[in-house]
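Residues per chain are reported as follows:
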Amino acid sequence: MSHTSSSGDEPIVWVRSSGVRRSLGLRELWHYRELVQFLVWRDVKVRYKQTVLGVAWAVLQPLASMLVFALIFGRLAGMPSDGVPYPIFALAALVPWTLFAQGMTQASGSVVASEDLIRKVYFPRLVIPIAAVGSSVVDFAIGFVLLIGLILSYGIRPGPQVLWIPALVVLAVATAVATGLWLAALTTRYRDVRHLLPFLTQLWFFATPVAYPSSLVPAAWRPLYGLNPLVGVIDGFRWALLGADTRPGPTVAVAVIAVLVMLVGGTAYFRRAERVLADVI
Amino acid sequence: MSSDVVLRAEGLGKQYRLGQRARVHDTLRDALASEARALARRLRGHDHADGPDETIWALRDVGFEVQRGEAVGIVGRNGAGKSTLLKILSRITEPTTGQAWLRGRLGAIIEVGTGFHGELTGRENVYLSGAILGMRRAEIVRRFDEIVAFAEIDRFVDTPVKRYSSGMYLRLAFAVAAHLEAEILLVDEVLAVGDAAFQKKCLGKMSDVARRDRTVLFVSHNLVAVEALCGRALWLDQGRVAQDGPAGQVISQYLRSTSAPLTERAWLDPAQAPAADGVRLTRLRVRRADGDVSDRLTVATPFIIECEYDNDRTAGTLLVHLEVHNEKDVLLFDVGPPLDTWPLPTPSPPGRLRTACHIPGHLLNDGLHRVTVTVLRDSAPIIRQPEALVFDLDDVAEGRGGWYEKWPGAIRPRLAWEINVPVPCGSP
Chain A
10 MSHTSSSGDE PIVWVRSSGV RRSLGLRELW HYRELVQFLV WRDVKVRYKQ
60 TVLGVAWAVL QPLASMLVFA LIFGRLAGMP SDGVPYPIFA LAALVPWTLF
110 AQGMTQASGS VVASEDLIRK VYFPRLVIPI AAVGSSVVDF AIGFVLLIGL
160 ILSYGIRPGP QVLWIPALVV LAVATAVATG LWLAALTTRY RDVRHLLPFL
210 TQLWFFATPV AYPSSLVPAA WRPLYGLNPL VGVIDGFRWA LLGADTRPGP
260 TVAVAVIAVL VMLVGGTAYF RRAERVLADV I
Chain B
53 MSSDVVLRAE GLGKQYRLGQ RARVHDTLRD ALASEARALA RRLRGHDHAD
103 GPDETIWALR DVGFEVQRGE AVGIVGRNGA GKSTLLKILS RITEPTTGQA
153 WLRGRLGAII EVGTGFHGEL TGRENVYLSG AILGMRRAEI VRRFDEIVAF
203 AEIDRFVDTP VKRYSSGMYL RLAFAVAAHL EAEILLVDEV LAVGDAAFQK
253 KCLGKMSDVA RRDRTVLFVS HNLVAVEALC GRALWLDQGR VAQDGPAGQV
303 ISQYLRSTSA PLTERAWLDP AQAPAADGVR LTRLRVRRAD GDVSDRLTVA
353 TPFIIECEYD NDRTAGTLLV HLEVHNEKDV LLFDVGPPLD TWPLPTPSPP
403 GRLRTACHIP GHLLNDGLHR VTVTVLRDSA PIIRQPEALV FDLDDVAEGR
453 GGWYEKWPGA IRPRLAWEIN VPVPCGSP
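First to last, the sequence lines map onto chains A and B. Residue numbers for the first sequence follow our numbering, beginning at 10 and rising by one. Residue numbers for the second sequence follow our numbering, beginning at 53 and rising by one.
Keep in mind that the hints were calculated from the coordinates and are not lab data. Hints are supplied without guarantee of correctness; some may be wrong.
[To be verified] In the DSS-like style, the derived pairs of lysine-lysine whose C-alpha atoms are separated by at most 30 Å in a straight line are:
id, chain 1, residue 1, chain 2, residue 2
1, B, K257, B, K214
2, B, K252, B, K214
3, B, K214, A, K58
4, B, K214, B, K253
5, B, K214, A, K54
6, B, K380, B, K458
In this text the structure is predicted, and so the values were computed from the model without any measurement.
Throw the hints in and build the complete structure from the sequences for me.
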């Protein structure tokens with residue numbers, strides 16, 4: 010829609026119909042990075058102001074899931090857990106999984122929820138789904154502290170491979186942003202994508218080794234299974250934090266490429282959809 | 053662009069498809085169903101069974117240039133394309149045709165309170181709303197105290213805004229927007245907030261902004277504000293530029309075409325005010341004689357047509373004449389002070405002077421009336437403002453005896469009558 014360039018210190022904004030020629034708008038996005046921070050801060054603040062327990066939710070949620078999982082899968086079903094106690098095995102997966110699932114869900118509804126802003130103010134629309142994922146990163150940070158505390162209380166001392174954690178978090182966030190962008194853009198056009206989302210999340214959950222170890226997946230299926238970036242993330246978490254024998258293999262590289270393609274494609278698709286956003290929603 | 057043009061629009065147009073919302077399919081199910089129907093039509097060989105799309109041009113071929121430091125008012129009826137134009141220039145929506153260039157940092161205030169969240173405190177909302185409007189964190193920090201002082205909410209700055217009164221909320225919201233550091237400011241109808249005192253303050257703030265070498269595009273239904281703030285006006289009619297020129301002229305033309313009352317005009321900026329021969333108009337207004345601030349006038353209301361002006365010369369006597377036309381353009385009267393009964397100080401003193409004409413209730417008929425104001429010095433007209441004021445008189449039920457059609461006649465005086473007085477027989 011527009012193009013910003015600088016001549017001297019005065020930016021010149023060029024407003025026109027962009028048709029299909031649209032850049033990804035990354036430079037402008039960078040320019041608005043403070044707004045991303047503010048929106049994340051708002052989401053987190055508002056979320057915890059409106060609840061009785063406040064920030065405790067970010068701790069209680071994964072903890073409660075862990076207990077339920079430990080009871081049903083660990084005790085009742087006797088699920089193997091890569092040689093670590095099941096509760097900690099589950100939590101090491103639940104924390105990054107929640108980061109992804111919550112990020113994706115919030116990103117996909119974010120644009121429709123920000124209708125009012127979109128009709129009244131200009132800013133790069135990409136800011137909205139990205140900030141939505143950002144607020145789930147804050148929850149993740151709290152859950153992660155809990156996870157580390159629990160790991161230490163089990164007497165497990167992570168080795169130097171723990172340094173891979175940031176890269177794994179980036180991969181989980183990138184996956185959430187990539188899928189979130191597609192879903193957010195689709196939701197603005199087709200409102201029933203919303204109803205599809207819980208189903209998609211559930212399927213994805215089963216295709217990810219959260220409740221079970223990835224070693225249960227038959228070897229023939231492994232290459233396909235490994236394309237799910239969350240497989241690499243969660244195996245990586247268990248390897249880096251718990252010392253489990255789940256060091257992500259070369260399929261992770263393929264997953265990373267897949268995420269990058271989805272990220273670029275999602276950004277482009279989102280940028281196309283945002284052209285008519287203020288007119289449609 | 054030449055160096056002093058900061059905004060140039062060329063052939064801007066915006067087309068909306070009627071029922072566009074429905075056509076983009078709210079659900080996947082609809083989308084699939086419509087694809088299926090389209091396929092079926094193609095198979096049957098009807099390619100264009102839908103017929104041409106129903107479209108509407110909200111804006112059509114709009115072109116203009118704005119110089120640095122100009123304040124341009126955009127006037128027009130509802131739906132004339134004013135807001136669409138601002139939304140295109142502020143990049144909220146894309147034009148269908150044409151293009152525009154804007155040089156300098158752009159700030160757009162399409163609505164006050166954009167991005168406010170009720171759960172957050174006043175302080176938090178200042179930061180949030182400022183960031184959404186495009187302010188840098190450092191900038192907000194620097195101007196924070198100024199914003200809070202302007203909004204007059206210092207005691208409540210750490211209270212969630214959901215507990216604010218609506219007045220406080222609007223004041224804070226406007227204050228944030230008013231402190232945007234933009235070289236080009238696009239403002240849509242945001243002065244219609246708050247009480248009269250705060251509106252006055254907002255207006256003052258806006259004229260400060262306009263004076264500081266910044267460029268302002270200002271959409272408002274408040275023609276008094278447009279004329280007070282803007283040297284130039286753009287009148288949009290059905291999406292096209294109907295007229296572009298000095299604000300006073302454009303507004304008069306616009307008023308002639310419309311039925312909007314304009315009961316007050318004020319010229320804050322002496323450079324913009326109508327002036328000649330040492331006399332400068334500062335304010336014209338129509339107001340109720342009983343001092344009631346409501347601007348509703350009825351055929352029964354006594355009211356005052358008031359004219360204020362600065363006189364710089366001590367020579368001669370100043371007089372104001374009023375011509376009042378009704379909506380059919382019939383001249384009802386053309387009057388000045390009756391000289392034989394009204395000893396005027398000669399010469400008129402310098403300084404700000406006021407002339408008021410009291411018009412009794414029960415004189416005029418209902419409907420729109422236009423007032424042309426002429427200032428004369430020693431019987432020679434020096435300033436003439438054609439149709440400077442427009443006032444509307446509402447009808448009243450009183451005295452109509454249950455008859456509710458439009459009362460005929462150019463005027464509707466209440467006269468003295470003697471009714472059914474018996475006449476003695478045989479009198480001559």
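A quick look at each hint next to the structure:
| no. | hint | verdict |
| --- | --- | --- |
| 1 | B:K257 to B:K214 | holds (26 Å) |
| 2 | B:K252 to B:K214 | holds (25 Å) |
| 3 | B:K214 to A:K58 | holds (13 Å) |
| 4 | B:K214 to B:K253 | holds (24 Å) |
| 5 | B:K214 to A:K54 | holds (15 Å) |
| 6 | B:K380 to B:K458 | holds (14 Å) |
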